[in-house]
Structure formats: structure tokens, C-alpha cells
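**Student:** In my numbering, the protein residues as written are 1 to 453.
Rather than coming from a laboratory, the hints here were simulated on the basis of the structure.
You may find that some hints are simply not true.
What the hints assert, rightly or not - What follows is a list of derived Cβ distance ranges for each label pair:
hint: 1; residue 1: D69; residue 2: N288; range: 27 to 35 Å
hint: 2; residue 1: G316; residue 2: D146; range: 15 to 23 Å
hint: 3; residue 1: S267; residue 2: R108; range: 38 to 46 Å
Stated by the list, open to error - Pairs of lysine-lysine, DSS-like flavour, derived with a Cα cap of 27 Å:
hint: 4; residue 1: K168; residue 2: K182
hint: 5; residue 1: K201; residue 2: K134
hint: 6; residue 1: K250; residue 2: K125
hint: 7; residue 1: K99; residue 2: K134
Beta carbons are placed, not taken as given, at the ideal position from N, Cα and C, and that holds for glycine.
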Amino acid sequence: MKRGILLLILLCMLSFISVAADFDGENIFGINNREGSIVMINEQGEYLELTNTLFADWVDLTTADVDGDDLDEIVALRDFSSALYIYDFDGGELVLKEKAENIGDFSRDLDWVGVEDFDFDNDGKEELLLLNNKYGRFYMVDYEGDTFYVKYLGDSELKDWEGFDIGKIDGEIKIFALRQEKFPITVYNYEGKINDENSFKIGDQIGNNPLTDITLFDIDGDGINEIIVFSDGTFYVGKLENGFFNMQLKEESNYRDLLRLESGDLSGSGEKKLITLRNFKIPFSYYNYRPDSLIEKAINYGNDLQWKGFSVGDIGYLGDSPEPVVEEEPEQPVVEEEPEQPVVEEEPEPEEKEEKSYLWVWLIIALIIGGGAGTGIFFYLKSRKEEDYEDIFYEKVDDELKKKKPKKTEEKKSEKKEEKEKKYEEDGDLWPKLKTSDGLEELKKLVKKRKKK
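Given these sequences and hints, build the entire structure.
**Tutor:** Right, dumping it as C-alpha cells:
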């Protein structure tokens, strides 16, 4: 007994120790449309729900240091009216940095593709770039002083974008946008404006396949950003060289349903890795890059919540979580409870349930038999009643004739009876008429009618 108590105490201590999750540094931040929540997840799969927005029309999420304090804000994009929500981590919780309607009026611009971040003006603060498919329109959101400003950058004639990202190639800022065509990547040179005239297309090696997303980062550590595209179950990794996509790796994935591609340093090693999202029981994975392969490592976080977007960043969450959720907790067995399961007194309970179920069966059978018997009796009485009506009809006819005529001799009575029976045979529809008539008055009318004939 003492050993059992000590074991339970030990398990409780281990459980308490195991829930002390570390969220220092960069973490995954995802947003979903099933619960409308923003969730923080670390490399081990431990997570915290930071807020529940109560909205179910989210399109994308990114993390960006919009105010230059070296900590990221969480930026979420809805496909509805004032679409942009910027959250800051303050006092142990997420708070809106600014009311969404004060950031910009996007009420006419729906069908958003996504939101990405980049320090376009090199001022230590990251601007936000938005793209929609309703007009093919680009917007930039910048934070100056204590105010967010929205700047219109231009329209594209194309309105079927799948995703986009921003990066520097050879010292120049470029926007890489992905769409379904033979050359799926359109590269825009950013010079304060974005337009089709200042763009070119690459990626014919990728081809006209189902496309998912695109991201840019230095995956091989050579100081040059690679372009990574996921299309039809395959990763394409390459560089922009001399206006062409120079592919350096084509790697088939275990999945065909990836939704988003991002990059980040979850381990704090200083090395960014490719991170992916799919709507599945285990939604997040990261990949270790090798010159000839990408090696997947699934993050042990299991929750399919209709994810719409995610990003990797550091919001300044310091210390251990007071109540983190650990996916492995439900799997911890309680040893002392196992021998208590086969209790002898509880064995007869299933038998009692079976007897009750048999009583229900017999009751149903009795109802069926009773219903059948009742139906039979009903039709029997109905037929008897119809026969009684026919007898009454003939009796009433005889009574009416007796009232109207004087008594006849036996010979005349016999003749009258024969005549009456003959008329009954000739007027064969008299009885069916009576069946639908209403009482004796109708009967009298029929008798008088036959007398006249």
C-alpha cells in the first residue's frame, strides 16, 4: 500500500515537472477557423492558447517587429472589412495594439491572398505587405510614431495568386508571387511601387502543377536566399540567377496537402529551417536541409483546427508557462487504478442491463402482436357492420311498404314478395347508395322512388 502511495506521489511530481514548458525564443504561432484562436507552439509540441478571437474568417497570420522594439507582434488578416489585427504581448497576454478599423479601410478589398513582413526602408521596423485577388492589389502598412499608415502600391492584371513572399536578391528587394501557369513565379522589382511592367516570370521547371505556397530564406547557409515552392507533393528549391530559376533540389514529400511554408529557428541554434503546415492531426513539421534531401521531423502537437496561417517569431514570452498544455499528459497511466477495474460486485451489472434490454424486446413484440390483433378485429367488425346495414336496409324497405299498403291476401303477399325481390335485383345499385346515405330519410326517398317506378 505504501509503495502504491509513493508511486502516485512520484507520478504527480513527474507530471508537474513535465508541464513546465519553455517558450523562450522563437515559437510557432498559428491561427485557425474552428475555434478562432491564436496558439503558440514550441519545438517539443507544447502549446498555449494566447487568445480566442471568436472570428471564423481568418486568412493568414505573420509575426513582425512593426514598432522596432526587437520583439515581434502578431499580425492576423481577416477576409472581412477592416481586415488587419495587430496584437502585442503585454502583461502576460495578447492585446490589440490598435483598433483594426484605425489601421486602414479595406472594406472594398476582399479575397485576400495573405500578409507578409519586410523592412522595406531599413529603419529597423518591419512593414506589412498585403495582396488580394479581387483587384490584384498590393498595400503596405507602416507604423510611424504611434500611428499605422496604409499605402497603396499598385495593381496587377493577374488575380489568381496562391501565395507570395519577400526577400533580397543581390541587394535588391523583390516580391515573389505564385500562381497557376507554365511559369508560376512572377518576380516584382520593388522600387516604391509594384506593377506588372517591372516584373518577369520564372520557374518553368516547376511547371503547371497544383501549387500551394512559396517562401524565401537561406536554407543552405551560403548567405543567399533560396526560393522554395511546394507543388503537387514536391518541394522545389532553387536560386534566382541571371533572371532564371536555377533549381538545386527537387524533393518529393510524404504529403500532397501542405498549406503553408515558413522558416524559423525553433531550437535557438541560429540556423533557420523550413517549417510546414497541413490540416491534419499532426499539422506542423520542420525539415533539416541536406544537399540532396530534406529530412522531415514532425512536431509532436496534435490538433486539426482548420488552420489558415502560421508564422515563426519571438513575442517576448519570458519564463516557463504557468499552465502549458502537454499532449503526452493523457497517456500517463495511473498504476493503482488498474487492479481496481475487475471488481466482483460490478459483474452482475451487465446482466441487469441485458434483462432490461430483453424486457424492452418483449414489450415491443407484445405491442406488435396487439397492434396486429387490433387491426384484424377492426376490419372484422367493419365488415360485420356493413352486413348489418344491408339487413337493416331490406327490413326498413319492408316496413315502409307495410305502412303504405293495406294487408293483402296470402296470394297477393307472395306475388308482392316476388315483385319486390325482382326489383331488388333490377335496382342493384340501391344498397351501395344506402351505404353512403345519411340515415332513414335517404332510405325513404329511395323507397318512394322505387314505388313510382
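**Student:** Hint by hint, say whether it matches the structure.
**Tutor:** Cross-check of the supplied hints:
no. : hint                    : in the structure
1   : D69 / N288: 27 to 35 Å  : holds (32 Å)
2   : G316 / D146: 15 to 23 Å : holds (19 Å)
3   : S267 / R108: 38 to 46 Å : holds (43 Å)
4   : K168 / K182             : holds (24 Å)
5   : K201 / K134             : holds (21 Å)
6   : K250 / K125             : violated (35 Å)
7   : K99 / K134              : holds (24 Å)
Hint 6 alone, counting from the list given before, is not met by this structure.
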